[in-house]
Amino acid sequence: GAVVSQHPSRVICKSGTSVKIECRSLDFQATTMFWYRQFPKQSLMLMATSNEGSKATYEQGVEKDKFLINHASLTLSTLTVTSAHPEDSSFYICSATDRDYEQYFGPGTRLTVT
Amino acid sequence: RKEVEQDPGPFNVPEGATVAFNCTYSNSASQSFFWYRQDCRKEPKLLMSVYSSGNEDGRFTAQLNRASQYISLLIRDSKLSDSATYLCVVNDRGSTLGRLYFGRGTQLTVWP
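Residue numbers (the numbering used here), protein chains in the order written: chain A, 82 to 195; chain B, 355 to 466.
Excised from the complex, chain B in its bound form (with noise of 0.2 Å):
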């Protein structure tokens, strides 16, 4: 089983559309929760960590449920920048220090 799992996709949508990725994480002692978004060809860079209580950036919002060991994010009013693949990734500090998990990436398209 893997470590953390996505809906692979592709999502597409047009500009101003409302997307939700889910992910769920198989590890109850993970710690810390981000999604990541990464470009074609490039490394993937931090969107926003994911706090319990839910936290939003802008257009963008992001859920924890530990329970469900269950991670979303929800992008508002999108913008065809916004195109790329975006990654769920989990922290497990119970193990090696500053180790990521990553899941497999949700390819989004925002067409005009």
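In isolation and in its complexed conformation, chain A is listed as follows (with noise of 0.2 Å):
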């Protein structure tokens, strides 16, 4: 099946710093992709859809200044977590769609801000 890589798949970094995330589709390539964030015991949350080549759309509650979002090509998208604080401690997951869009999940990368 489709396979979808994130990288780092954990990072600990320090408050005020900015921390980028990968996602890869290896080998489709994605019409659009998604970014989730799930806190312990909760459920996943979808923070914005991204589609190739244009503006991410970002769900209510969701900061874009905080959560740069760039997706450059059909195979990539990245988020980045500007100025992290604590509270930004999470596993963030992306997932791509194929043309069919069935929805590929990325391991995901765990954030710990300290």
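Derived by calculation from the structure, the hints in this document are not laboratory data. Where hints are given, some of them may not hold.
Computed list of lysine-lysine pairs in PhoX-like fashion (alpha-carbon distance at most 25 Å, straight line) [claimed, not checked]:
# : chain 1 : residue 1 : chain 2 : residue 2
1 : B       : Lys433    : A       : Lys122
2 : B       : Lys356    : A       : Lys145
3 : B       : Lys356    : A       : Lys95
Here the structure is a predicted model, which means the values were calculated and not measured.
Combine the two chains into a complex, taking the hints into account.
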């Protein structure tokens, strides 16, 4: 099946720094990529929807200036958490859809902000 | 009101037991329905799609009732390896194509 990778799988950073997370579709071109966040014992919450070459669409309550999304190609989307705070510590998961709108999830990135 | 509601559990059952999970969704225009499985600290993985006629995959049976906006998952002959969180997921293609709405998940622990 289709494969989506994320990098890094785990990152620890200091408060106030920025962290970039990459999401790649390895064997297909992703028409759309989604970024989710999951806090402990909570469901996945969609943060934003990203289409290649256009601005991401953010969900209500998600600050677009804090969570910068770049989708420069059909196989790569990046999420940058700017000026990270401890409350940004979470599990960030991307997913990518192919032309049939099947959705494939990346393995997730665990962010810890100290 | 949340798009997808699930009983969070936890469900603790012995090996060999039958367990059922329920889920309701709020958008009657929803078009696709799924059950995902998520292991601790891992990404969700598709367990099965849910069709209007009901469908079965080995020990797993999924049912959909569009009139009641209700989805169920039945696991028979539970195995230790079934221990995970089961996510009810709905796709509303009327809005952003491919956008998925996740339930909070139902935690299952199967004990020997």
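Going through the hints against the structure:
1. B:Lys433 x A:Lys122: Cα-Cα ~23 Å, so holds.
2. B:Lys356 x A:Lys145: Distance of about 23 Å is within 25 Å: holds.
3. B:Lys356 x A:Lys95: 34 Å, violated
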